[in-house]
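Asker: Read off the chains here:
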Amino acid sequence: MLLYVTQQFVNALSLGSLYALMAVGLAMVFGILRLINFAHGDLMMVAAYFAAFALFANLPLGLALVLMIGGTMGVGLLMERVAYRPIRGAPDVAALLTSFAVGQILQNGTLLFTRLIQKPIQIAFPSPELLNGVIAFGPVTVPRLNIVSLVTGVILLVLLSLFVTRTTLGLSMRAAAEDLSAAQLMGIDINRVIATAFAIGSGLAAVAGLLFAVQAGQINPYMGFTPVLKAFIAAVIGGFGSIAGAVVGGYVLGGLEVFLTAIPGIGDILPAGFVSPEVQAFLKQWLPASLTSYRDAFVFVALILVLLFRPNGILRRREREEMQ
Amino acid sequence: MTDLRRAAGPLAAILGLVIVLALLQASGLAYWQGLFINLGIFLILVLSLNLSSGFTGVFSLGHIGFMALGAYGSAILTLPLREKQEYLPNLPAGLAGVHFDFHLGPFPLGFLLATLVAAVLVALVALLVGLVLMRLSGHFVAVATLGFLVIVRVILFNADHFTRGSRTFSNVTPYTDLWWVWAWALVVLYVVRRIKRSPFGRAMLAQREDRWAAQSIGIAVMPPRLLAFVVSAFFTAVAGSLYAHFITSFSPTVFYFDLTFRVITMLVVGGMGSVSGSVIGTVLVVGLAEALRRIEDATLLYGMSQIILAVIFILIIVFRREGLLGQREIALDRLFVKGGEPSS
Amino acid sequence: MKGKLFALVVIASLLLAACGGAATTAAPSGPIKIGGGFALTGAESSLDVPAANGAKLALKEINAAGGVLGRQVELVIHDSQYKMDVTAQIAKQFVEQDQVVAVIGFTDTDSVLASGPTIQAAGLPFITAGATSPKLPTQVGDKMFLACFGDNVQAAVGAEYGFKNYGKTAYLLWDKGVEYTTLLSGYFKARFTELGGTLALEDSYETDATDFSAQIAKVKALPQQPDFYFISAMPYNVGPVVKQFRDAGLTGPIIGGDGYDTPDLVSVAGSAAENVFFTTHALMDATGGTEGIKKFIAAYKTEYGHDPENAFAALGYDTMYLIVDAIKRAGSTDSAAIKKAIEETKNYPGITGSITFSPEAHVPQKGVTVIAIKDGKFTLGAELVPEKVPAP
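Chains as they are written, first to last, in this note's numbering: chain A, 1 to 324; chain B, 1 to 344; chain C, 1 to 392.
A few of these clues could be false.
What the hints assert, rightly or not - Below are the DMTMM-like pairs computed for lysine to aspartate or glutamate, each with C-alpha atoms no more than 20 Å apart in a straight line:
1) 56(C) to 297(B)
2) 33(C) to 96(C)
3) 119(A) to 303(C)
4) 388(C) to 360(C)
What the hints assert, rightly or not - Partial pick of chain A residues on the chain B-facing surface, computed with a CB cut under 7 Å:
5) 98
6) 116
7) 117
8) 296
9) 303
10) 304
11) 305
12) 307
13) 309
14) 311
Rather than coming from a laboratory, the hints here were simulated on the basis of the structure.
A quick note: this is a predicted structure, and the numbers were derived from the prediction, not measured.
All C-beta atoms, glycine included, are put in the ideal place defined by N, C-alpha and C.
Model the full assembly from the supplied sequences, consistent with the hints where possible.
Answerer: Structure (structure tokens):
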């Protein structure tokens with residue numbers, strides 16, 4: 001039983017790391033622009049395609065990573081310049097809706113491109129050896145991918161917080177996140193700040209996209225939808241706009257999902273005699289494995305509760321009043 | 001005299017519609033009938049969303065959840081006994097015996113009743129949901145209503161005794177035809193237009209423009225929002241029922257993000273807050289989507305139509321954010337009236 | 001006003017487009033038109049595109065060999081975009097504007113049911129390339145045919161194979177967001193428990209899941225590992241599921257359905273895909289398959305630049321040949337004659353197996369092939385017919 005709990009705990013941490021990485025990129029952009037960028041998931045998809053084609057061309061892993069991150073940043077910056085900059089200052093919802101449209105363009109563009117180069121719609125992802133397999137800590141197994149996610153996430157976040165606290169540009173970003181118009185009045189070059197935010201957000205999306213592609217095993221033009229939804233839930237739960245919040249939210253979401261999968265059906269796996277037969281029967285009847293299928297509903301109920309009672313997320317962060 | 005002249009415009013439009021529908025019906029061309037039925041159903045969806053989100057500025061991304069509930073609710077009610085036993089063998093005893101497939105002469109009264117019952121039930125659900133969610137604003141409410149969409153979907157997948165879960169709900173009697181769809185569309189048009197001109201409507205638009213200013217002059221924020229939400233949920237459920245009895249088969253996957261974006265596109269193109277805008281937006285987007293789809297099939301450039309529609313959407317948001325019509329209306333009632341008599 | 005001009009342009013282009021496809025009476029010497037409905041964009045496209053590709057390949061071969069009844073064959077393909085209202089529209093387009101004599105297509109039940117009623121009402125035979133719900137002919141009508149065996153058949157074989165070869169206890173995992181996987185697991189459970197087997201644990205996952213560690217941890221925690229694992233999965237999940245199972249140290253046999261029939265399984269899972277068995281239509285392997293399969297794989301690769309993505313490519317190919325064969329035997333393009341000819345199909349040698357229909361059975365009696373994966377290759381495990389099949 002202890003083993004089971006430990007294993008699930010480890011699973012939750014692993015899943016949480018991946019979600020945290022996805023959520024931070026989203027939160028970066030929201031913090032400054034108040035823009036929920038639903039095309040973030042499609043950035044991950046584009047990154048996965050860049051990586052796949054680089055690896056298919058037998059480029060060394062390092063070069064493939066550089067190409068992937070660079071390419072995704074390029075797409076992100078283009079996105080910002082063409083679709084989001086013209087509507088700065090518009091109500092939040094306008095940008096949110098625009099991001100859907102941008103996502104559509106990326107998805108269908110990728111679809112057309114893959115047909116053009118005669119690749120199938122779904123391509124098995126050439127996972128680098130580094131990310132394959134598991135490491136065993138005694139009887140508890142952890143996929144190498146999850147360890148890499150965790151480590152990468154930590155490194156990137158440390159770098160990010162250094163950037164944001166120690167550099168001028170980073171400071172400007174924090175100022176802009178605090179109050180965009182005031183920052184502008186102070187002479188901060190808003191365009192540069194926003195472009196940087198998008199670049200960093202896209203870079204983070206690229207890394208998350210690669211890890212997600214390895215986990216999913218294959219890539220297709222529509223793969224970005226689920227990750228962005230998860231990233232989104234994580235960011236909101238943790239405190240939208242706050243990077244630390246996105247990280248916390250990622251782990252909370254990972255934990256919630258694993259917990260909601262681990263508990264139903266527990267009556268079936270308890271070792272004999274661990275609990276009295278009455279308790280076991282009770283568990284089997286009231287927590288059947290079929291409850292797992294309600295998992296997404298519970299997650300969103302949790303989300304709605306957070307929105308109602310802690311709109312600034314679990315990590316409270318003073319947010320500008322919604323002047324609507 | 002001017003009253004008659006003012007009514008002449010809309011009446012002429014309705015007459016024109018009736019003539020077109022009659023011709024379509026008589027022609028027997030299912031393709032064009034289908035297109036017009038789709039048009040009508042989307043129009044109802046767009047008008048309802050306009051009422052709830054366009055007028056109040058409170059964006060609901062979960063409205064298609066109401067459509068799903070309306071579709072399943074009405075279909076469960078109208079499914080004849082034989083089909084019920086075949087496809088929904090595990091319905092609880094009360095519902096298993098119910099089958100609203102009765103007629104009053106040639107008129108499918110059961111269908112109307114089922115639609116109304118389902119829509120009322122959905123409106124009640126919307127009341128509860130609205131009480132909870134309508135106090136939020138901006139992207140918070142957008143996110144929360146998105147949550148509602150997902151929750152409805154999960155429930156539909158799991159309540160498989162009622163809905164068959166992931167298996168397609170099929171063999172629904174095809175009651176829906178041109179007349180049903182457009183009769184309902186006209187009702188919705190009328191209702192939404194009336195609400196817009198009423199004090200409630202003005203309150204909605206006021207608090208959309210500036211919530212704090214509106215509150216400061218005593219306009220309560222919750223009642224108009226809630227009313228808009230509930231009424232629009234009612235009509236969205238009606239659209240769901242019409243859809244269910246047109247396509248005759250569906251599953252929870254139909255009522256999800258894709259349909260949501262399509263409706264939002266039509267709303268934004270036409271203009272959030274304009275009833276005539278919704279009509280124009282729907283006609284344009286449905287027509288364009290169909291034309292592009294045919295071109296796509298001919299040129300083998302699959303995916304192109306979606307890109308073009310997305311680009312148009314972005315262009316509208318960037319260059320004409322309020323949509324083609326903004327909040328203005330096409331004054332049909334001024335068609336036959338000379339001079340500057342104001343109409344809103 | 002710009003809006004009005006725009007509207008006029010749209011209406012004009014619509015009319016032009018409609019006229020372009022408008023009905024002209026099909027001259028008896030023109031090509032024979034068959035409708036092909038597929039979701040070439042959208043979530044189902046990874047299954048429908050291969051099916052369409054297979055059908056187009058078959059078309060090319062048929063026409064190169066002279067067509068049928070002295071006329072060339074034309075496959076009119078419309079993309080349903082995996083939107084059900086569009087699917088219903090293209091059915092009407094097939095019937096009214098394209099003047100097709102029969103329709104093939106789709107790999108999922110939702111799409112077949114959205115388009116079926118229109119096609120049925122027009123009296124046209126409709127053969128679905130990949131939808132496997134055995135209830136379809138009952139739901140749509142007597143013009144509906146399946147090109148594959150029903151899920152109840154392959155699930156029964158899976159249950160019997162597992163029971164006979166591995167034992168009485170099993171673990172059941174299925175994708176609960178998709179009809180095919182839900183049906184398959186339901187039929188498996190029915191047959192397996194009927195044989196006397198017991199399920200140690202049942203569990204499910206969302207169709208868009210990529211991480212199965214939570215479910216796997218539950219299996220690992222079982223007091224005693226079951227004799228085998230039955231995992232009902234879609235082609236896009238099969239690789240990660242199998243890989244994560246093995247990575248967690250679960251080495252027991254894994255059995256599944258024809259969703260496993262994709263090279264992606266081995267590409268993604270690699271060496272983890274040992275001791276994996278699945279039921280499918282035919283061994284689609286360039287070295288181990290039949291002559292027909294080998295030719296098909298080679299031709300597909302030449303035409304499209306890559307190997308067939310999954311079993312649906314072969315099914316699309318067979319479906320096209322099936323309908324043309326029926327037209328040949330019917331001796332005419334009359335829909336009723338074609339339908340009768342389909343029903344009279346006996347032992348048609350498709351590359352996905354021998355296909356037989358009858359007036360009572362619009363789901364083909366096809367043998368089920370069990371594939372075993374050894375050393376990263378698909379090998380023939382067995383060719384079975386189920387002893388007893390759960391009712392649809």
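Asker: Confirm or reject each hint.
Answerer: Status of each hint after checking the structure:
1. Between the alpha carbons of residue 56(C) and residue 297(B) the distance comes to roughly 15 Å, so the proposed pair stays at or under 20 Å and holds.
2. As the CA atoms of residue 33(C) and residue 96(C) are separated by approximately 12 Å, the hinted pair is consistent with the 20 Å bound.
3. For the hint linking residue 119(A) to residue 303(C), the alpha-carbon distance of about 12 Å falls within 20 Å, and the restraint holds.
4. A threshold of 20 Å between alpha carbons decides the hint, and for residue 388(C) with residue 360(C) the separation of about 18 Å falls inside it, so the pair holds.
5. Checking residue 98(A) against chain B: minimum C-beta separation of about 5 Å stays under 7 Å; hint holds.
6. For the restraint placing residue 116(A) at the interface with chain B, the shortest Cβ-Cβ distance is roughly 10 Å, beyond the 7 Å limit, so the hint is violated.
7. The interface hint given for residue 117(A) is broken, as the beta carbon of that residue sits about 14 Å from the closest beta carbon of chain B, more than 7 Å.
8. Taking 7 Å as the C-beta cut-off, the interface hint given for residue 296(A) holds, the closest approach to chain B being about 5 Å.
9. A distance limit of 7 Å between C-beta atoms decides the matter here; for residue 303(A) the minimum to chain B is near 5 Å, and the interface restraint holds.
10. A cut of 7 Å between beta carbons decides the hint on residue 304(A): the least distance to chain B is about 5 Å, and the hint holds.
11. With its C-beta approaching chain B no nearer than about 10 Å, residue 305(A) sits outside the 7 Å limit, and its interface hint is violated.
12. Of the supplied interface hints, the one on residue 307(A) holds, with its beta-carbon coming within about 5 Å of a beta-carbon of chain B, less than 7 Å.
13. The criterion of a C-beta within 7 Å of any C-beta in chain B is not met by residue 309(A), whose closest approach is roughly 11 Å, and the hint is violated.
14. A cut of 7 Å between beta carbons decides the hint on residue 311(A): the least distance to chain B is about 6 Å, and the hint holds.
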